[in-house]
Structures are given as C-alpha cells and as structure tokens.
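The sequence shown begins at 1 in our numbering and counts up one residue at a time.
Simulated from the structure, these hints should not be mistaken for laboratory data. Careful, some of the hints might be misleading.
Under the rule of at most 16 Å between Cα atoms (straight-line distance), these lysine to aspartate or glutamate pairs were calculated in the EDC-like manner [to be verified]: (1) 103 <-> 93; (2) 109 <-> 88; (3) 102 <-> 88.
Simulated restraints, written as ranges between beta carbons of each label pair [to be verified]: (4) 43 <-> 8: 46 to 56 Å; (5) 75 <-> 43: 45 to 55 Å; (6) 26 <-> 3: 33 to 43 Å; (7) 36 <-> 58: 54 to 64 Å.
No residue lacks a Cβ here, since even glycine has one placed at the ideal position from N, Cα and C.
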Amino acid sequence: IVAKALRNRDDHLLDATQRYHLSTTIMEELVQQNQTRLARAQQLERDQALAKLKAKTQRCQSAQDQRNQHFEQKWAANWDVLVTRQHDTQLMEAVRTCDSPKKLNKILKENNLPTIGKPKVQTGEDDEKRPMTAR
C-alpha cells in the first residue's frame, strides 16, 4: 500500500510538474505574443505620428512657398512699374526738350509711338497690293 501510495504521489507530482511546465510554456508564448503585438502597435503609432508630422510640415512648406511666390510676383510687378515709369519719364523729357520735328519723330518711332506731321504718300506698290475694288 505504501509503495502504491508513493507511486500515486510520484505520478501526481509528475503530472503536476508536467501541467506546471505546460502552463508555463503556454504563458510564455502568450507573453511573447502580447509583446510582439504591443511592439507592432507602438510602431504603428510612431509611423502614424511621423506621417502626421510630415503632412503638417509639407502643408507649412507649401504655404511658405506660396507666400514667397506671391511676394516675388508682387516685387516683379512693382519693378516693372518702376522701370516703365522711369522710361516714360525719360521719354517725356526727351519729347519736351526735342528741338526739331525730325528728331521728335525719330524718338517716337523708336518707342513704337505714332509720329506727328504729314502722313506718308502711298506709292504705287501699295496700289498693286490692294484689291481692284478698293482702287
């Protein structure tokens, strides 16, 4: 009976030890799976935060680029106005100080403006170019 009780006790201890090792192994696997899942979740959170930061940075950079482009266009327009105004002022001064109609017409012609004085007489070449009904 004692030997049987010792065998039962040994079997029971062996069975308990096996269950303990089995449950320990299962728990270790669960812990490992949870750690892996948590690591993936944390990596996903980091990636999402980084993506949001990049998107915000791109929006800010786009807005800054747009402001810079607007400023450059405005500056270029102001520069063109300034240059045109200076050119017009110089042209008006040249017209005011001009002492002969030939020089005045030359200045006007150089600046693509209509000349003053008598209109040019049309030559025969011009007549040849016009249709017969207009002659």
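Return holds or violated for the Cβ distance of residue 36 and residue 58 against the range 54 to 64 Å. violated (33 Å)
For a C-alpha distance cap of 16 Å, please report whether residue 102 and residue 88 respect it. Violated, at roughly 20 Å.
Between residue 75 and residue 43, does the beta-carbon spacing fit 45 to 55 Å? Given about 47 Å between the Cβ atoms, the range holds.
For a C-alpha distance cap of 16 Å, please report whether residue 109 and residue 88 respect it. The given pair, whose Cα atoms are some 14 Å apart, holds under the 16 Å limit.
Return holds or violated for the Cβ distance of residue 26 and residue 3 against the range 33 to 43 Å. holds (34 Å)
Per the hint of 46 to 56 Å, is the separation of the Cβ atoms of residue 43 and residue 8 within bounds? Given about 52 Å between the Cβ atoms, the range holds.
Pair hint residue 103 and residue 93, alpha-carbon separation not exceeding 16 Å: holds (13 Å)
Checked against the numbered hints listed earlier, the structure breaks hints 3 and 7; every other hint is satisfied.
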